[in-house]
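One line per chain: the protein sequences are A and B, in this order. Numbering-wise (the working numbering), the first sequence opens with residue 1 and increments by one. Numbering-wise (the working numbering), the second sequence opens with residue 1 and increments by one.
Because the hints were derived from the structure by calculation, they are not lab data. No residue lacks a Cβ here, since even glycine has one placed at the ideal position from N, Cα and C. Among these hints, one or two may not hold up.
As the list claims (entries may be wrong) - No farther apart than 27 Å at their CA atoms in a straight line, the calculated lysine-lysine pairs in the DSS-like style are these:
1) B:300 x B:477
2) B:110 x B:70
3) A:84 x B:492
4) A:84 x B:477
5) B:512 x B:545
6) B:270 x A:53
7) A:273 x A:305
8) B:343 x A:9
9) B:512 x B:525
10) B:132 x A:119
11) B:70 x B:49
12) B:272 x A:175
13) A:25 x B:565
14) A:38 x B:312
15) B:49 x A:53
16) B:492 x B:545
17) B:270 x B:132
18) A:175 x B:300
19) A:258 x A:204
20) B:300 x A:15
21) B:110 x B:134
22) B:300 x A:38
23) B:587 x A:175
24) A:53 x B:525
25) B:408 x A:84
26) B:492 x A:119
27) A:84 x B:525
28) B:49 x A:84
29) B:156 x B:408
30) B:312 x A:15
31) A:119 x B:385
32) A:53 x B:492
33) A:3 x B:156
Stated by the list, open to error - Stretches of chain B that chain A covers, calculated by requiring three or more beta carbons in the stretch to come under 8 Å of a beta carbon on chain A:
34) 99-108
35) 117-127
36) 460-470
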Amino acid sequence: MVKLTIDGKTITVPKGTTVLDAARKLDIPIPTLCHHPKLTPFGGCRMCIVEIKGIPRPVTSCTTPVTEGMEVITSSPRLEDLRKTILELILSDHPNDCMVCERAGDCTLQELAYFYGIKENRFQGERRRYEKRDGNPFIERDMEKCILCGRCVKVCSEVQGVGAIDFAYRGFNAKICPPYEHDLDCEFCGQCVAVCPTGALTGKMWALKGRQKEIKEVDTVCAYCGTGCNITLHVRRNEVVRVTSKENTWNEGWLCVKGRFGYKFINSPDRLKTPLIKKRGKFKEVSWEEALDYTAKKLNAIKKKYGPDSIGGLSSARCTTEENYLFQKFIRAVIGTNNVDHCARL
Amino acid sequence: MKDKGIRINICMGTGGIAAGGAQVMEAFKKELRKAGIKASVGKRCTMHKVGCRGLCAKDVLVDVVKDGNKFTYQFIQADMVPRIVQQHLIENNPVSEWLVGEDYHNFHNKQVKVVLSDCGNIDPEDIEAYIKVKGYEALKTVLKKLTPEKTIEIIKKSGLRGRGGAGFPTGTKWEICRGVEAEQKYIICNADEGDPGAFMDRSVIEGNPHAVIEGMTIGAYAIGADIGYVYIRAEYPLAVERLKLALKQARKKKLLGKNILGTKFSFDIKIKLGAGAFVCGEETALIASIEGERGMPRAKPPFPVHSGLWGKPTVINNVETLANVPYIIRNGDKWFSSYGTEKSKGTKVFALTGKVKNSGLIEVPMGITLKEIIYDIGGGIENDKALKAVQTGGPSGGCIPAGMVDIKVDYESLAQVGSIVGSGGMIVLDEDDCMVNVAKYFLQFTQAESCGKCVPCRIGTKRLLEILDRITKGNGKETDIELLEKLGNDVKSASLCGLGQTAPNPVLSTIKYFRHEYEAHLKGKCPAGVCKDLLTYYILEEFCKGCGACMRACPAGAITGERKKPHKIDPEICIKCGACFEVCKFKAVGKE
Ligand SMILES: Cc1cc2nc3c(=O)[nH]c(=O)nc-3n(C[C@H](O)[C@H](O)[C@H](O)COP(=O)(O)O)c2cc1C
Ligand code: SF4
Ligand code: SF4
Chain A
1 MVKLTIDGKT ITVPKGTTVL DAARKLDIPI PTLCHHPKLT PFGGCRMCIV
51 EIKGIPRPVT SCTTPVTEGM EVITSSPRLE DLRKTILELI LSDHPNDCMV
101 CERAGDCTLQ ELAYFYGIKE NRFQGERRRY EKRDGNPFIE RDMEKCILCG
151 RCVKVCSEVQ GVGAIDFAYR GFNAKICPPY EHDLDCEFCG QCVAVCPTGA
201 LTGKMWALKG RQKEIKEVDT VCAYCGTGCN ITLHVRRNEV VRVTSKENTW
251 NEGWLCVKGR FGYKFINSPD RLKTPLIKKR GKFKEVSWEE ALDYTAKKLN
301 AIKKKYGPDS IGGLSSARCT TEENYLFQKF IRAVIGTNNV DHCARL
Chain B
1 MKDKGIRINI CMGTGGIAAG GAQVMEAFKK ELRKAGIKAS VGKRCTMHKV
51 GCRGLCAKDV LVDVVKDGNK FTYQFIQADM VPRIVQQHLI ENNPVSEWLV
101 GEDYHNFHNK QVKVVLSDCG NIDPEDIEAY IKVKGYEALK TVLKKLTPEK
151 TIEIIKKSGL RGRGGAGFPT GTKWEICRGV EAEQKYIICN ADEGDPGAFM
201 DRSVIEGNPH AVIEGMTIGA YAIGADIGYV YIRAEYPLAV ERLKLALKQA
251 RKKKLLGKNI LGTKFSFDIK IKLGAGAFVC GEETALIASI EGERGMPRAK
301 PPFPVHSGLW GKPTVINNVE TLANVPYIIR NGDKWFSSYG TEKSKGTKVF
351 ALTGKVKNSG LIEVPMGITL KEIIYDIGGG IENDKALKAV QTGGPSGGCI
401 PAGMVDIKVD YESLAQVGSI VGSGGMIVLD EDDCMVNVAK YFLQFTQAES
451 CGKCVPCRIG TKRLLEILDR ITKGNGKETD IELLEKLGND VKSASLCGLG
501 QTAPNPVLST IKYFRHEYEA HLKGKCPAGV CKDLLTYYIL EEFCKGCGAC
551 MRACPAGAIT GERKKPHKID PEICIKCGAC FEVCKFKAVG KE
């Protein structure tokens, strides 16, 4: 264990803890943009700089491990002045069109600009301009809003193990993009969208579906597979407009493409809501009792005429483990065949 | 070299080769054979390609040593060789008008060569040549007689400090790394050399690659590493080739590889080519690059000595630092520390360029004054113009004004006046140089080479550059100088790595010493007459003879006038190319 003081408060933390994490334990706020608790430290945005006694230049608290007897100051006129310069620099190269940005109200950059009261900008200058032409179906990539915090790059390689995007070019022209600036062509898990602190990455289908303040959040479990990730449905006027997942869930907020973007079926006119039976060449809506009776009768008849091995059961990954267990039990014990399988393949 | 016989040294560094060194060598071979000299003197007639000796502007340089008497020729081309062979070698009468002049000797007289002592004298492609000048003796001594601790002790006592820029004491760096418990350690030689105009490290590797290998092997033994990397830029093909050859030769002689010189110590060196990013010279970016990642710096701590390449303790040293090591071991720490000042020991290689008469590569004892470098070694300012400033340390350094040329060149003294020794760039500026423009030049470089990872450097340097740009275009605002100072200092304080932390130095130091030039620009004048947008060209009627030369030269058709009558420039049409100024024989075109 290592003992140190932060802003005069003493704390003891395990060896290897960063100054930032130690400060957060003490509930001392330090502004950050590129830091993400689940990703390796980056140290790029420089907002989390602190002063450490004995070190002449400010250091980033997100990358600096604590040492015994360290004395940290997280806020001073010099630090706040530097933070203000950094924010102004970021905003000098940002569209600042919060009024029409999908992330307004839910954007770390906007929040910091608010707290630091940045109205005017001493460093006005050229802005990066990019043509929008990403043809992928899920992720809106507005790279003019990107602050190059690197979170998306890290989540893609460290969490998802895909590495679909990385930094390219140098200096002011540095940019996050897929190889050769091709259109994004990946798993579309949207993990990058989830960690982006700005409006640079959003879901294409989220566009113009409503601000967060009119949205009701409903926690539930994803029905796509037996993994059972915790998800949060964002509902506006009885319509699911977005799906997210919280960091403090067992799946740590990570989702796959289906859980995050596959919710369109909910309000699809093609969605089946009742059983259908084909009568005289046409499907007709029927009650569950009628459908089950009909199925049982047919199965019995087939079994009698052709034997149990003429029947096979195929179940779904969208069922829970328990449901799948019951299904195979039914096929084996009730029908009497081992012809049973499941769509999931690992 | 006092023996009888003939020895011919031909400069075959990158400069020498570019000037036609290979053709000169071929010509010598042919002429010697034709003259029958090869047959009559036999083995005692030898020809050697040698590395750079610094004065590349006078290439191809050729030494002809006959019976112990050495004559050096300059600007030699293949077609001049027959006369040298005939007159000098056969008739014993050196071709005096082609010999180097006084400036060649002045250039060398005040220099003290340690790292470069064998460069230019030995054939870098022949390990035997290095061994003949006591090469690899230091390694033998270290492996057979000294413990790693004792080796570190000697380097510490010598006072050697890193030549890659930061000037960290080399012995201390080794000692810290030695003290870290780990199964695997690495030593890396930093040969990225990305400063514009710097070619110290390239010349050392091209001219004496074995010294670097020997120094690295000694370092590896001292810290306990068994694998080393040379990170060298791919734009140095000749250096890479010579290094590869040298590694092969060293392995063959058991000076590298398993059980070096029959001892228990094993060590080998791999080469990693850099793809030409300045930031990859920064040690943590360099490590990322070797690991196969994008060359972006990582925050320190942890420092590489604790957690470097693949998380293992790693020492990174510059080429010149390592090349010093064998000489220190051979001649002793006292010999080394007898050169230099109290805190800066030994010598330093500089790339002396700009408006100086003899530009080239020089090695001088630390503590020599700038004045001695410029006027004694450099031969003074070109065209006898007035010295304005000296920029040291490349894009990370600062400008030292002419009034301070008595300053000593060492780590402390230069830092005190806002510049750095850096990796060894030294650019001499004269009255025709605009300091705002000089600052802009360096910032353009650092801005383009910023890796883009951190905000102050990525956007901050861009904004600094934009402000400088508008000042040089006459669009500067009254508050711009203060804004440059404010932003420059913030970028220095808040940037992640050395690139951003030093990028504003050229701006800040020129503001410090040449504020009046910035102010003049804000008033619409460029005192040195460099910034095009602030210039007006006009014709001085009293000198104009009406010859019409300017009118014919002007590509924009801005000049009108009748023959033999004073001409006129229309400022609306003038594109400020300066063609009229150049062409007028009567100094009748003025600019302001
Ligand atoms: C932007 C940047 C570029 C650098 N380029 C080089 C280089 O080309 N060669 C070099 O030896 N050191 C370079 N350095 C310094 C290295 O980071 C490191 O300090 C040095 O290699 C250590 O070796 P030394 O102690 O022998 O000087 C650079 C540093 C920075 C910040
Ligand atoms: S797209 Fe978002 S997450 Fe990725 S670097 Fe830019 S701001 Fe960060
Ligand atoms: S200071 Fe510049 S070069 Fe260094 S990490 Fe930051 S952006 Fe990259």
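Each hint, compared with the structure:
Distance check on the hinted pair: residue 300 of chain B and residue 477 of chain B sit about 38 Å apart at the alpha-carbon level, beyond 27 Å; violated. Restraint check for residue 110 of chain B and residue 70 of chain B: satisfied, since their Cα atoms lie roughly 20 Å apart, inside the 27 Å limit. Simply put, residue 84 of chain A and residue 492 of chain B have alpha-carbon atoms about 15 Å apart, close enough for the 27 Å limit, and the pair holds. With a C-alpha separation of about 22 Å, the suggested pairing of residue 84 of chain A with residue 477 of chain B holds against the 27 Å cut-off.
The hinted pair formed by residue 512 of chain B and residue 545 of chain B fails the criterion: a straight-line CA distance of about 44 Å is larger than 27 Å. A C-alpha spacing of about 40 Å is found between residue 270 of chain B and residue 53 of chain A, which places the hinted pair above 27 Å, so the restraint is violated. For the suggested pair residue 273 of chain A and residue 305 of chain A, the alpha carbons sit about 33 Å apart, so the restraint of at most 27 Å is broken. Under the criterion of a C-alpha separation no larger than 27 Å, the hint pairing residue 343 of chain B with residue 9 of chain A is inconsistent with the structure, at around 40 Å.
Under the criterion of a C-alpha separation no larger than 27 Å, the hint pairing residue 512 of chain B with residue 525 of chain B is consistent with the structure, at around 19 Å. A distance of roughly 71 Å separates the Cα atoms of residue 132 of chain B and residue 119 of chain A; the hinted pair therefore is violated under the 27 Å criterion. With a CA separation close to 16 Å, the supplied pair residue 70 of chain B and residue 49 of chain B stays within the 27 Å bound. Distance restraint check for residue 272 of chain B and residue 175 of chain A: the Cα-Cα separation of roughly 26 Å lies within the 27 Å cut-off, and the hinted pair is therefore satisfied.
The straight-line distance between the Cα atoms of residue 25 of chain A and residue 565 of chain B is roughly 86 Å, outside the 27 Å bound, and the hint therefore fails. Proximity of residue 38 of chain A to residue 312 of chain B is assessed by CA-CA distance (about 24 Å); at most 27 Å being required, the pair is judged to hold. With a C-alpha separation of about 56 Å, the suggested pair residue 49 of chain B and residue 53 of chain A falls outside the 27 Å cut-off, and the hint is violated. Between residue 492 of chain B and residue 545 of chain B, the direct Cα distance comes to roughly 55 Å. Violation of the 27 Å bound is thereby established for this hinted pair.
Note on residue 270 of chain B and residue 132 of chain B: the hinted pairing holds, with a Cα-Cα distance of about 26 Å set against a maximum of 27 Å. Restraint check for residue 175 of chain A and residue 300 of chain B: the C-alpha separation of about 24 Å stays at or below 27 Å, so the hint holds. Using a Cα cut-off of 27 Å, the hinted pair residue 258 of chain A and residue 204 of chain A holds, with the two alpha carbons roughly 14 Å apart. For the proposed pair residue 300 of chain B and residue 15 of chain A, the alpha carbon gap of about 17 Å is at most 27 Å, so the pair holds.
Simply put, residue 110 of chain B and residue 134 of chain B have alpha-carbon atoms about 25 Å apart, close enough for the 27 Å limit, and the pair holds. Taking the CA atoms of residue 300 of chain B and residue 38 of chain A, the gap is near 20 Å; set against the 27 Å cutoff, the hint holds. The suggested pairing of residue 587 of chain B with residue 175 of chain A is violated, with an alpha-carbon distance near 52 Å, which exceeds 27 Å. Between residue 53 of chain A and residue 525 of chain B the alpha-carbon distance is near 46 Å, which puts this suggested pair outside the 27 Å criterion.
With a C-alpha separation of about 39 Å, the suggested pair residue 408 of chain B and residue 84 of chain A falls outside the 27 Å cut-off, and the hint is violated. Distance restraint check for residue 492 of chain B and residue 119 of chain A: the Cα-Cα separation of roughly 24 Å lies within the 27 Å cut-off, and the hinted pair is therefore satisfied. Proposed proximity of residue 84 of chain A and residue 525 of chain B is contradicted: the alpha carbons are some 34 Å apart, above 27 Å. Taken as a hint, the residue 49 of chain B and residue 84 of chain A pair is broken in the structure, with Cα atoms around 59 Å apart against an allowance of 27 Å.
A hinted pair counts as satisfied when its Cα atoms are at most 27 Å apart, and residue 156 of chain B with residue 408 of chain B qualifies at roughly 23 Å. Using a Cα cut-off of 27 Å, the hinted pair residue 312 of chain B and residue 15 of chain A holds, with the two alpha carbons roughly 19 Å apart. Restraint check for residue 119 of chain A and residue 385 of chain B: the C-alpha separation of about 50 Å exceeds 27 Å, so the hint is violated. Restraint check for residue 53 of chain A and residue 492 of chain B: the C-alpha separation of about 19 Å stays at or below 27 Å, so the hint holds.
Note on residue 3 of chain A and residue 156 of chain B: the hinted pairing is violated, with a Cα-Cα distance of about 34 Å set against a maximum of 27 Å. Given a C-beta distance limit of less than 8 Å, the hint that chain A covers the stretch 99-108 of chain B is violated, as 0 residues qualify and 3 are needed. Coverage of a stretch by a chain is defined here by at least three residues with a beta carbon nearer than 8 Å to that chain's beta carbons; for the stretch 117-127 of chain B and chain A the count is 0, and the condition is violated. A stretch counts as covered by a chain when three or more of its residues have a beta carbon under 8 Å from one of that chain; for the stretch 460-470 of chain B and chain A the count is 5, and the coverage holds.
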